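4 protein chains.
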Amino acid sequence: MSADTTLYSATFLIGFGDCDPAGIVYYPNYLRWFDSTYHGFMRSRGKTHQIFCNENGLIGTGLMDVGATFRSPGRDGDDLVISIVSAEWRDKSVRFNYRGTVGDRLLIEGYEVRGLFMRDGDRLRLAHTGPLKAYLEGDDGERPRT
Amino acid sequence: MSADTTLYSATFLIGFGDCDPAGIVYYPNYLRWFDSTYHGFMRSRGKTHQIFCNENGLIGTGLMDVGATFRSPGRDGDDLVISIVSAEWRDKSVRFNYRGTVGDRLLIEGYEVRGLFMRDGDRLRLAHTGPLKAYLEGDDGERPRT
Amino acid sequence: MSADTTLYSATFLIGFGDCDPAGIVYYPNYLRWFDSTYHGFMRSRGKTHQIFCNENGLIGTGLMDVGATFRSPGRDGDDLVISIVSAEWRDKSVRFNYRGTVGDRLLIEGYEVRGLFMRDGDRLRLAHTGPLKAYLEGDDGERPRT
Amino acid sequence: MSADTTLYSATFLIGFGDCDPAGIVYYPNYLRWFDSTYHGFMRSRGKTHQIFCNENGLIGTGLMDVGATFRSPGRDGDDLVISIVSAEWRDKSVRFNYRGTVGDRLLIEGYEVRGLFMRDGDRLRLAHTGPLKAYLEGDDGERPRT
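Protein chains in written order, with our numbering: chain A, 1 to 146; chain B, 1 to 146; chain C, 1 to 146; chain D, 1 to 146.
Okay, chain A solo, but in the shape it has when bound (with noise of 0.2 Å):
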């Protein structure tokens, strides 16, 4: 996969209390920084999480499938870059496709499955993901990068 497909890329520096008593990554951290990833993917667009969804009605774009595969550990001292490889948008959700690297070693591929979450009396429902597209796509010209 070529670096110019990416969408959005962060970095994490892997601290000591990111590892566990092997020495190495405790594996939930990388769901919190592929997380973090799409919440900076968001706000690169000009708007945190909270503002796009009381726009748009939402409750919240909540999480309906993740999965990872571990390539490699991942240390303490090491730089995680984490990159939003591509995006597959259908109807009712996105599938968001993720790597992690450490220089040119991969540590992970991954994914989440999200979908716009509104409320619909007690229960949830889920929205159109158009205007998250929209967003996320900046076809307003408008589109921040960092």
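In short, the hints are calculated from the structure, not lab data. Do not take every clue at face value.
Computed Cβ-Cβ distance ranges for the label pairs, DEER-style [to be verified]: (1) D:D79 with A:G121: 35 to 41 Å; (2) A:T5 with B:R123: 54 to 60 Å; (3) A:G121 with C:L106: 19 to 25 Å; (4) A:I51 with C:E55: 50 to 56 Å.
Everything numeric in this text was worked out from a predicted model, so none of it was measured. Note that the Cβ used here is the ideal one computed from N, Cα and C, for glycine as well.
Keeping the supplied structure of chain A fixed, place chains B, C and D upon it in accordance with the hints.
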């Protein structure tokens, strides 16, 4: 301090993932367990924190101050008992004192100072602690014990 | 799936601090609870993960793959039961299947694929899963149940 | 306190998942950021915590005491700068003082007291802080700055 002064206790099984590369608990986890014990204390009186706050016009019973002293290390497989051993009530804040033990061994002593936060226009202000004291002390004779 | 196939279950009281600004569980916490349940399963057979690894020349029983599907949201005050409902053994990996429920409500389904990692000079290599299978299946008739 | 006394600073982008249902930072995260800043300070002198400990026969530079006062709430999207503003050296412990700010706004003040722990048979004992002080103060003229 005799055990009978304990206001509330919760048990946490220390796991592999709670420990750092030195094989001992990554210390911010103790604060998570303090906070979790406080919320368990709230619920033990019959309501979640959210319901209590909604009923009293609060946005939260948030932290003003926290401290802890580490006496001996916790490890994977330890059954940690966190106890709220006393509460010191003031008009606009309350200090909860915590002890964490594994069997007879003392791991941690600490405290949380909490305030009752209300919205006041764009700002937050502190409400009187009276409603929280009445709720936690269960002066209505309904105090469920766990 | 009938309850009697469950290999191990652990209960987690979902707390205020486990939830995000939308008031539902911040999803990486579910992976922490999967991992914690696995480590509880290990201990329920009589040894911590560390002792098992030391005895078998392993540096860890680490993650190769993880996935989860979110069925309904967890909230502050929910008693979440995470169950390991089955294990699929292969030569060099094992897949544990998880379900998380609050009462009758299904919150999450997921899996972890784990391998037994040994040092091999500067690298890691996968050991056979046989010792872990024998340990967890308790073929010695000593299997304690929790 | 003037900015020029700062020993080390690190920036953390506060994310959605770092916040609780009240929409403000879940407080144990601040302690994670203190710890992460300390480890960044270690690395900024050229070695990870692990390498420093290995070279000095230590199992870790662990926490003895921690405290924090919360001045104003952090929220999703805030760029939090955590600074180590001073270090107070004693024979067997060192206190690092922290400040966390978002722009001009003070969010948190706190401290960590750390000791250098060595194995002594089955027990831990405290080593002199001299090697850590020499390392962090970079008396060898090699001190890299970040």
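Hints versus structure:
1. D:D79 with A:G121: 35 to 41 Å: holds, 38 Å
2. A:T5 with B:R123: 54 to 60 Å: For B:R123 against A:T5, whose Cβ atoms are near 45 Å apart, the range 54 to 60 Å is violated.
3. A:G121 with C:L106: 19 to 25 Å: Between A:G121 and C:L106, where Cβ atoms are some 21 Å apart, the hint holds.
4. A:I51 with C:E55: 50 to 56 Å: This hint holds: roughly 54 Å between Cβ atoms.
When each numbered hint is compared with the structure, a violation occurs for hint 2 only.
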